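*Asks:* The residues making up each chain are set out below.
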Amino acid sequence: MKRYLMSTGALIIFVTIVILFLIYGIQRDSELIPSYNTVSVSDAMNANEGNYAKALEPRKFVFPEDHSSHDDFKIEWWYFTGNLSDENGNRFGYQFTIFRNALSSDSVSKQSSMSTNQLYLAHFALTDVSNGKFYYADKYSRGAANMAGASVWPLKIHVEDWTISTNEDYDGDYLMPEFKIKAEADDFAIEFDVVPLKSIVKHGINGLSAKSNTPGNASYYYSYTRMDTRGKIKIGEKNFSVSGNSWMDREWSTSALDSGQVGWDWFSLQLDNEHEIMFFMLRNQDDSFNFGKGTMVYPDGKHEFISPEDIDLKVSKHWTNKDGHQYPSAWTMKSIKFDFDLNIETQVPDQELKLIIRYYEGSVSINGTHKGQKLKGYGYAELTGYTN
Amino acid sequence: MGFTVNLSSLRYYLKNPMQLILSIVGVALGVGVVVSIDLANESAYEAFKLSMRSVSGNATHYISGGPNGFSDSVYRQLKVDMGFRKAAPVVEKFIRIKDGKFGVVTLMGIDPFAEQGFRNYVNADDFNFGGALGDFIMSENAVIIPKDLANELNKSIGDTIIAESDGKIFTMSIAGIIEPDENSIDLKNFVFTDISTAQHLLGMGDMISRIDLMLPEEYEKQIIYELKQKLPDYANINPSAARSKAGSGMTESFRINLAAMSLLALIVGIFLIYNTMTFAVVRRRRYIGLLRSLGVTGNEIYFLVLREAFIIGLIGTFLGIVIGIQLGYFMTNLVTKVINDMYFVLQVQTVEVSSLSLLKGMVLGLAATVIAALKPAHEAGKVPAGMALVRSSQEKKLKSQISKFNIFGIIIFLSALPILIVETDSIYLTYLGVVPVILGFSLLIPQFIIVIVAIIKPVVSKLFGTIGSMAARSIVTQLSRTTIAVAALCVAVSAAIGIGTMVKSFRNTVDDWLHFRLKADIYASVPTNVSRFNDGTFSRDIAARILELDEVRAMNLYREYQLNDGGRIYHLLAAQVQSFEHEQFKTEGGISMDELWDKFQNENSIIMSESFAFKNKVEVGDTLSLVTDKGRVTFNIDGLYYDYSSDIGLLMLGMNTYLKHFDDEMLSGIAVFAKEGVNIDSLERKIKIAAGDDIEFLIRSNKRLIDGSIEIFDRTFIITNVLQLLAISVAFIGILSALMALQLERAREFGVLRSIGMTPAQLRKLVILQTGIMGFIAAIAALPLGNILAYILVTVVNKRSFGWTVNFEFIPEYMLQGFVVSILASVLAGIYPAIKLSQSSPANSLREE
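Top to bottom, those sequences are chains A and B. Heads up: the first sequence runs through residues 14 to 401, numbered per my numbering. Heads up: the second sequence runs through residues 137 to 985, numbered per my numbering.
This is chain A alone, in the form it adopts within the complex (with noise of 0.2 Å):
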């Protein structure tokens, strides 16, 4: 009795194995699908050239008009970043960018309410200096239906809910605005009153600021340099009250980077004795200087050209990021004509921006003397065309 039961038992058990396996193969056979290439959507597409307007010659500004859009030109910016503090000490570092991207020089006529020629991106990060944190956020849209644009009455530019504007009842010096900035991200949020201390600056030839040798490779360049700064920072659950000073650039153009140039260095920086340095350098292949100028902003808001056989910029210090990409992370920048000799370094070390387009967006804290004086600072250092 006991071999039957057994045999039985041993012929069910070896039975559902076999089929079992019959079943596993029969299964895997059915998931074979064919292994997928991604074939690059770019790849499948053409660029276009386009026929967008180019920045030849100064021209004369007019606001709030030029505080708002150009839409025939292929880019454009409206660029804030600043250096805070609240009353406990805690220093924070900020930018807020929207950009305004042409897709084509060419004007769409679909019925749809949500076609345009015009994308709009905002970047969005904040140093939390004192813990040493660093947060960024983008948000992109298109141009159409209001769900970002720019617009001169009232004065408003935004990407959905992250807003530059003046207040919509504003009658003010639009040579002088008060704006409003507000931006939201998932865990840190921003929202600040500020208000011109200093004139606008017109960068290059009255504003026409070339970016290189090449004629019309040139942008439309304003900013004030040194606005005073009021308002909240929220970081997690944590709402700080904060103060200090920004530095607003504007910039619009159909300028690209001449062949060779893979970059640059920018700086803004803001002296404890009231002067402000706008400065950069385009960079080569092989990490040599290719072009640079800037602008030395006095006291009472004068400005004047800085040359780049002005400056001595030299890279001290290197920050490494996880992938291997090497950052500058400290600089000297000597000016014998200027009289200045600083050393800037970045607040905190990872302040880059790991979004489509890469880039190093940081607060910077400066020690130096100037006129033989001692003085101290704080800033903002662009390096873009390290990680390609």
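Any given hint could be a false lead.
Pairs of lysine-lysine, DSS-like flavour, derived with a Cα cap of 25 Å [said to hold, decoys possible]:
{"hint": "1", "chain 1": "A", "residue 1": "K123", "chain 2": "A", "residue 2": "K73"}
{"hint": "2", "chain 1": "A", "residue 1": "K169", "chain 2": "B", "residue 2": "K366"}
{"hint": "3", "chain 1": "B", "residue 1": "K185", "chain 2": "B", "residue 2": "K283"}
{"hint": "4", "chain 1": "A", "residue 1": "K123", "chain 2": "B", "residue 2": "K824"}
{"hint": "5", "chain 1": "B", "residue 1": "K655", "chain 2": "B", "residue 2": "K824"}
{"hint": "6", "chain 1": "A", "residue 1": "K347", "chain 2": "A", "residue 2": "K306"}
{"hint": "7", "chain 1": "A", "residue 1": "K315", "chain 2": "A", "residue 2": "K389"}
{"hint": "8", "chain 1": "A", "residue 1": "K350", "chain 2": "A", "residue 2": "K389"}
{"hint": "9", "chain 1": "A", "residue 1": "K123", "chain 2": "B", "residue 2": "K229"}
{"hint": "10", "chain 1": "B", "residue 1": "K824", "chain 2": "B", "residue 2": "K811"}
{"hint": "11", "chain 1": "A", "residue 1": "K195", "chain 2": "B", "residue 2": "K366"}
{"hint": "12", "chain 1": "B", "residue 1": "K839", "chain 2": "B", "residue 2": "K822"}
{"hint": "13", "chain 1": "B", "residue 1": "K304", "chain 2": "A", "residue 2": "K123"}
{"hint": "14", "chain 1": "A", "residue 1": "K350", "chain 2": "A", "residue 2": "K384"}
{"hint": "15", "chain 1": "A", "residue 1": "K169", "chain 2": "A", "residue 2": "K215"}
Calculated directly from the structure, the hints in this document are not laboratory data. Note that the coordinates shown come from a computational prediction; the quantities given were computed from them, not determined experimentally.
Given chain A, put chain B in place with the hints provided.
*Replies:* Relative to the frame of chain A, chain B by itself:
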């Protein structure tokens, strides 16, 4: 010793290969049918889930609203005013590809800038920002298609595709081809484009179809609450299609019914195994007695028989799984067709050969075999050592028990009544109620045989002489064996009659209803994707132009719209009709037709279809709250009407009421009444001209619409007919096997007859006559049982599954068919034993003793 016994088992089955093969084939077919239906159901379900996943991506919810979508201002409000981040707008519509035979695909207009995190098919990151993205967004007709679709259409980048939606034709140009890098999505039936291009091509302007949302689970309820407070009334927040059971719920009844019917084939298979094993035991009674006297225990014999059954079951099941997988492709095709006609657009790319389906088939097959073999094994175990139980004692036992059988049979038969009468939602339970009907009726078969034989014996002996009366009498004398064969045949034939009668009754009911309901001369609409839903739209201008034609006396206007209320689908039918008289309505609470007509015109009155009442458990007089473009509105259900077009149920409301609550001026269909004496063909042509060239307008005369509807009906029942056919095949094999076994067992008896002077020809006549008479008895018995089954299917199963009232009818053609099949099967089953037995020498037959 075990080996010797096993060998003897093997030898026995090899000596009777016909028995073995028929048993295995019977089990294989039974299991095959069950497995194939399970595979088809699973494949359809998986395909549905996959396509929902592909559509919703990672969305957890979506906002919908309005029959034609809603303004993009809701999206702006969400993202710009409220700062809500995880939202992506979608313009979506089924379109038909006109070149090639490919058919229906989903045109999906998305915003590449908002897609991130939702779907990774067409994302802004994939483009180089300079050119390609701009081209894609700005082009009037650039689309990106999946590689599978490109291959199917034989198109590449730069080619164009012509498509149609709501009767409008447009051209798309292929700007890119993508291949999904995830296996869990199915993109073959999608055409992607920028949301602005989709709005443009579909003529939607500033309207969007939905906004996908990703809500964090922990704050889900709170966020939905807040959104509902702030967004306009028509914005409706639903769980995403992938999460919602709405779609799969629609087809549930259909799937369960298929599964239940597939089990029928297996049940017939069980009869077969029972018969084979009984026969195998009886034939070896002497041998088993010998084994017992050699010291083999009754238990050992019991397990020996069970093991034999198990091996037959195993081989049969294994073959059944192989058959099932093959048949699965065919069944999946049929199931998909029904779903596309009845429920929603579904394209099944692959048959899911799931281990679970196969395992289910295996367990069912083996369990069925072993259960069927339990009684024969038990009998074998009881055979006393050294002697074979004389069968006559068994026959005596059965005859003395007939009255007991009758009583039990009636009790079991009646025990089905409470199951069938009591209200239940469970379709399985309902089908379970069919089992006692069959079982109880089977127990009455011995009595039935005695009665029928008594009646026909005089006739048979008159027609066929002594042989005839011998044949008739022997059926009664061997009642213990003939009963099983007759019962099996009767059950199989009844099943065929039952299913056939059910389908035909249903068809007749639908046909009557169509004739009753469709009174207009011409019907017109734009092409739609699901045959039973006429929800395509065209503008009222077209209807107005048609109404102006001289030949037109009057016109009914219809708008059909699937309303999604928080994941529940309601099928609305707004009608502006000439008169209520051409609709069948049932009212309750004494409301007169005139009153109903009045309410229907002006108030928030709706009339529900019978299926709706059934599916939603509502009655006339109840209220129903529905989300409309103007917010939530409570409707009064004032009537109930018969409708067989949708088992989801329809809600009919007056066009005025509809327009009051929905911002929707579009129409889905018109019914045109021609003036007296107008030539319908020429009016059709005039309507076509009035509709204009830029729209594909389907214009059908009354007759063509009815024919078309019946055609769809027939198409949805193909799978039922296939199942019926398969059940008959299993039954046929069963009968063949059972009757053959019966006759072969009687070799000795026939040997005696031969030796006392019966000629081989007479013997052949006797055998064939006997099986023929058994077939006749089974056919007679199948008439009541078949019609009882049909009646249960029509009035209970169908009503509980779909909520339709179907008029049961006797269908003579199916009864006749059952009769023919029954007698044919039995006569055929008699031929082989007749020849074999008449050839063997009587001495050999007798020597066995």
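*Asks:* Given the hinted pair K185 of chain B and K283 of chain B, is their Cα-Cα distance within 25 Å?
*Replies:* This hinted pair holds, its Cα atoms lying about 21 Å apart.
*Asks:* Is it true that the CA of K347 of chain A sits at most 25 Å from the CA of K306 of chain A?
*Replies:* Distance of about 14 Å is within 25 Å: holds.
*Asks:* Is the straight-line distance between the alpha-carbon of K169 of chain A and that of K366 of chain B 25 Å or less?
*Replies:* 24 Å, holds
*Asks:* Would the hint linking K350 of chain A and K384 of chain A be met if the CA-CA limit is 25 Å?
*Replies:* Measuring from Cα to Cα gives roughly 10 Å; hence the hint holds.
*Asks:* Would the pair K315 of chain A and K389 of chain A pass a check requiring their Cα atoms to be no farther apart than 25 Å?
*Replies:* Answer holds: K315 of chain A to K389 of chain A is near 21 Å, not above 25 Å.
*Asks:* Check the hint pairing K195 of chain A with K366 of chain B against an upper bound of 25 Å on the C-alpha distance.
*Replies:* 21 Å, holds
*Asks:* Does K123 of chain A pair with K229 of chain B here, judged by a C-alpha cut-off of 25 Å?
*Replies:* 18 Å, holds
*Asks:* Given the hint that K824 of chain B pairs with K811 of chain B, test it: the Cα-Cα distance must not exceed 25 Å.
*Replies:* This hinted pair holds, its Cα atoms lying about 18 Å apart.
*Asks:* Holds or violated: K123 of chain A and K73 of chain A, Cα atoms, limit 25 Å.
*Replies:* With a Cα-Cα distance of about 35 Å, the restraint between K123 of chain A and K73 of chain A is violated, given a limit of 25 Å.
*Asks:* Assess, step by step, whether the Cα of K839 of chain B is no farther than 25 Å from the Cα of K822 of chain B, and give holds or violated.
*Replies:* It holds: about 18 Å lies between the C-alpha atoms, which stays within 25 Å.
*Asks:* Straight-line Cα separation of K304 of chain B and K123 of chain A no greater than 25 Å?
*Replies:* 17 Å, holds
*Asks:* Given the proposed pairing of K123 of chain A with K824 of chain B, does the C-alpha separation stay at or below 25 Å?
*Replies:* Outside the cut-off at roughly 29 Å; violated.
Comparing the model with each earlier hint shows violations of hints 1 and 4; every other hint is respected.
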